[in-house]
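Q: If you're matching them up, the sequences are chains U and Z in order. At position 254 of the first sequence the residue is numbered 254 (my numbering), and the sequence of numbers has no breaks. At position 94 of the second sequence the residue is numbered 94 (my numbering), and the sequence of numbers has no breaks.
Be aware that a few hints might be false.
Covered stretches of chain Z (chain U as the covering partner; in silico rule of three or more C-beta atoms under 8 Å from a C-beta of chain U) [stated by the list, open to error]:
no.: 1; segment: 74–82
no.: 2; segment: 90–102
Label-pair restraints from in silico Cβ distances [said to hold, decoys possible]:
no.: 3; chain 1: Z; residue 1: S158; chain 2: U; residue 2: G246; range: 47 to 57 Å
no.: 4; chain 1: U; residue 1: S175; chain 2: Z; residue 2: Q61; range: 36 to 46 Å
no.: 5; chain 1: Z; residue 1: Q250; chain 2: U; residue 2: G13; range: 31 to 41 Å
List time: in silico DSBU-like cross-link candidates among lysine-lysine, alpha-carbon distance up to 35 Å [claimed, not checked]:
no.: 6; chain 1: U; residue 1: K258; chain 2: Z; residue 2: K128
no.: 7; chain 1: Z; residue 1: K56; chain 2: Z; residue 2: K4
no.: 8; chain 1: Z; residue 1: K128; chain 2: Z; residue 2: K4
no.: 9; chain 1: Z; residue 1: K212; chain 2: U; residue 2: K258
no.: 10; chain 1: Z; residue 1: K212; chain 2: Z; residue 2: K100
no.: 11; chain 1: Z; residue 1: K100; chain 2: Z; residue 2: K128
These are computed hints drawn from the structure, not numbers from a lab. We put the beta carbon where it would ideally sit given N, CA and C, even for glycine.
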Amino acid sequence: MDKSATRPVPFRGGGFNPRPMRVVAPVVFVLLVAVLELGTRTGFIPGLTMPRPSDVAKTLGAMISSGLMWQHLLPSLQRLLVGGLIGTLAGVTLGTLIGLFTLVRAGLLPMVSALFPIPKIALLPLFVIWFGIDEASKYALIAFGVFTPTVVATFGAVDNVDRSLIRMGQSFNMSWWAIVRKIVLPGAFPGILSGLRVSLAIGIILLVAAEMLGAQYGIGAYILEAGSLYDLDRLFAGVTVLSVLGLILSSVIGVIEKRFLDWRG
Amino acid sequence: MDIKLDNISHSYGSVDVLRDIDLTIRQGQIICLVGPSGCGKSTLLRFIGGLERPTKGEVLQVGTPPEASLNPLTYVFQHFALLPWRTVEGNVRLVLEGHKLPPGETDAIIRDVLARTRLSDFAAALPKQLSGGMKQRVAIARALAVRPAVMLLDEPLSALDSQTRELLMDDLVDLWTRQPFTAVYVTHNLNEAVRLGHRIVVLSRRPGRIHKEVQIDMPLSERRLGDPVLDAKQAELWELMRDEAMAADQELVDG
Numbered sequence: 001m002d003k004s005a006t007r008p009v010p011f012r013g014g015g016f017n018p019r020p021m022r023v024v025a026p027v028v029f030v031l032l033v034a035v036l037e038l039g040t041r042t043g044f045i046p047g048l049t050m051p052r053p054s055d056v057a058k059t060l061g062a063m064i065s066s067g068l069m070w071q072h073l074l075p076s077l078q079r080l081l082v083g084g085l086i087g088t089l090a091g092v093t094l095g096t097l098i099g100l101f102t103l104v105r106a107g108l109l110p111m112v113s114a115l116f117p118i119p120k121i122a123l124l125p126l127f128v129i130w131f132g133i134d135e136a137s138k139y140a141l142i143a144f145g146v147f148t149p150t151v152v153a154t155f156g157a158v159d160n161v162d163r164s165l166i167r168m169g170q171s172f173n174m175s176w177w178a179i180v181r182k183i184v185l186p187g188a189f190p191g192i193l194s195g196l197r198v199s200l201a202i203g204i205i206l207l208v209a210a211e212m213l214g215a216q217y218g219i220g221a222y223i224l225e226a227g228s229l230y231d232l233d234r235l236f237a238g239v240t241v242l243s244v245l246g247l248i249l250s251s252v253i254g255v256i257e258k259r260f261l262d263w264r265g
Numbered sequence: 001m002d003i004k005l006d007n008i009s010h011s012y013g014s015v016d017v018l019r020d021i022d023l024t025i026r027q028g029q030i031i032c033l034v035g036p037s038g039c040g041k042s043t044l045l046r047f048i049g050g051l052e053r054p055t056k057g058e059v060l061q062v063g064t065p066p067e068a069s070l071n072p073l074t075y076v077f078q079h080f081a082l083l084p085w086r087t088v089e090g091n092v093r094l095v096l097e098g099h100k101l102p103p104g105e106t107d108a109i110i111r112d113v114l115a116r117t118r119l120s121d122f123a124a125a126l127p128k129q130l131s132g133g134m135k136q137r138v139a140i141a142r143a144l145a146v147r148p149a150v151m152l153l154d155e156p157l158s159a160l161d162s163q164t165r166e167l168l169m170d171d172l173v174d175l176w177t178r179q180p181f182t183a184v185y186v187t188h189n190l191n192e193a194v195r196l197g198h199r200i201v202v203l204s205r206r207p208g209r210i211h212k213e214v215q216i217d218m219p220l221s222e223r224r225l226g227d228p229v230l231d232a233k234q235a236e237l238w239e240l241m242r243d244e245a246m247a248a249d250q251e252l253v254d255g
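The whole structure should be built from the sequences, with the hints applied where relevant.
A: Take a look at the structure:
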């Protein structure tokens, strides 16, 4: 055989397998902030278009030390918690019913699909008439916004529960309720949780929208006020708080996933 | 308790799956149902377990199941059907939870069945940590926990490799020898059938009918891999099925 024709088999595998890397995200973040800081200091970025990151940090520091932060953050957190909880509970319940009963699915799934694309913010005036100008209408808006994606995620997750596990439950004479509680819901839990990631982000978006109408305190009200005064430092300080809130919520879900879903292979 | 299949026929829409099946399952015996793929043997097992209803005919329980039996008709599934979020112990506990047993008895049953299936050391393991053979032993332990009057095994070894299958067959024989149970064992593997079956019922291809019944009198504990008598029986069964299997193989799935 010709010796010169001998070469290694070309490697064609690998890739398609992103792994977690801890340091990259902070580095990207720091770089971005540094570029902004440098740009605004040298005048490369005009002060009118972007605030100086160090000024935003100073504003945040002042907010915390003056107690203004808690004055705005606590009502916001309460709205997000109450609204989010109502929306999630109702969504998981209806999603499970849609996943399990033919009649509920036939009757309500089209309705949910019709409600899903409505921008919930558009309904805010309606909610104000229904529930009043104070807290209840804000809870309703957030709950409604969280509700529809949760329904869709839940019924999809219930659909995906291995039917052979349900047959197993029946073959051991487990009651309907026991099958739902011990097989269907735990089986749907991963899907529900990843739906929750999306719906809680939507909850934060709607929180701000709700607070822009008739709220004295709240991160949304703070941002709106700063915006109308064109105070970029405070505007960005408020936005930063929202981002951090989103990060915290998503990492909480991450912790729940690690803690309760380690059975996944 | 015996089980009697009385003139069972079944069709899905216009497709006849089973026709005129009469069969009696006697206490303490393992009956193997074999047949070409698509002959309706798993469907028949679902009728016996009450998970599906035949279009015609009835499945009858003759006599009452023993008092202690928590779930007289109990399945073992091909793909194990273990809850992945429960441990080995939790999976067995699952089927006992609904029965309101006196305190301590649940734990005693779990300990007993895990010991009988040699799983005591793995009580806290999750299914994803177990091999296929171990998973099926957990499923068998779970089935034993409810003290079934009749075990319904739906191709329980088909998802396993041949070495594991050999080991599990020994386990099943051991379990039966220590405490004879009634079982209906569906398989497409003729070797399993001749090793485990007291009676082997051969079904014809769709619509499934009872083609022949073969009896093997050799005690289960004396049956070994490569035994000439068993090999002859297996060859006999294959002769019975060969043409059917070939025809079944060439059928369109929805034809």
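Q: Are the hints correct? Go through all of them and say.
A: Evaluation of the provided hints:
1. As drawn, the segment 74–82 of chain Z meets chain U at 5 residues by the rule of a beta-carbon pair under 8 Å; at three or more, the given contact holds.
2. Residues of the segment 90–102 of chain Z with a Cβ under 8 Å from some Cβ of chain U number 4, which satisfies the need for three, so the listed coverage holds.
3. Taking the beta carbon of each, S158(Z) and G246(U) are about 48 Å apart, inside 47 to 57 Å as hinted.
4. Between S175(U) and Q61(Z) the C-beta distance comes to about 21 Å, which lies outside the given range of 36 to 46 Å.
5. Distance hint check: the CB atoms of Q250(Z) and G13(U) are about 38 Å apart, consistent with the given range 31 to 41 Å.
6. Of the pairs offered as hints, the one joining K258(U) and K128(Z) holds, with about 16 Å between alpha carbons and a cut-off of 35 Å not exceeded.
7. Restraint check for K56(Z) and K4(Z): the C-alpha separation of about 14 Å stays at or below 35 Å, so the hint holds.
8. Only pairs whose Cα atoms come within 35 Å are accepted, and K128(Z) paired with K4(Z) is rejected, the gap being roughly 39 Å.
9. At most 35 Å may separate the alpha-carbon atoms for a hinted pair to count; K212(Z) and K258(U) exceed this at roughly 55 Å.
10. The straight-line distance between the Cα atoms of K212(Z) and K100(Z) is roughly 44 Å, outside the 35 Å bound, and the hint therefore fails.
11. The straight-line distance between the Cα atoms of K100(Z) and K128(Z) is roughly 29 Å, inside the 35 Å bound, and the hint therefore holds.
Taken one by one, the earlier hints fail for this structure at numbers 4, 8, 9, 10, listed in ascending order.
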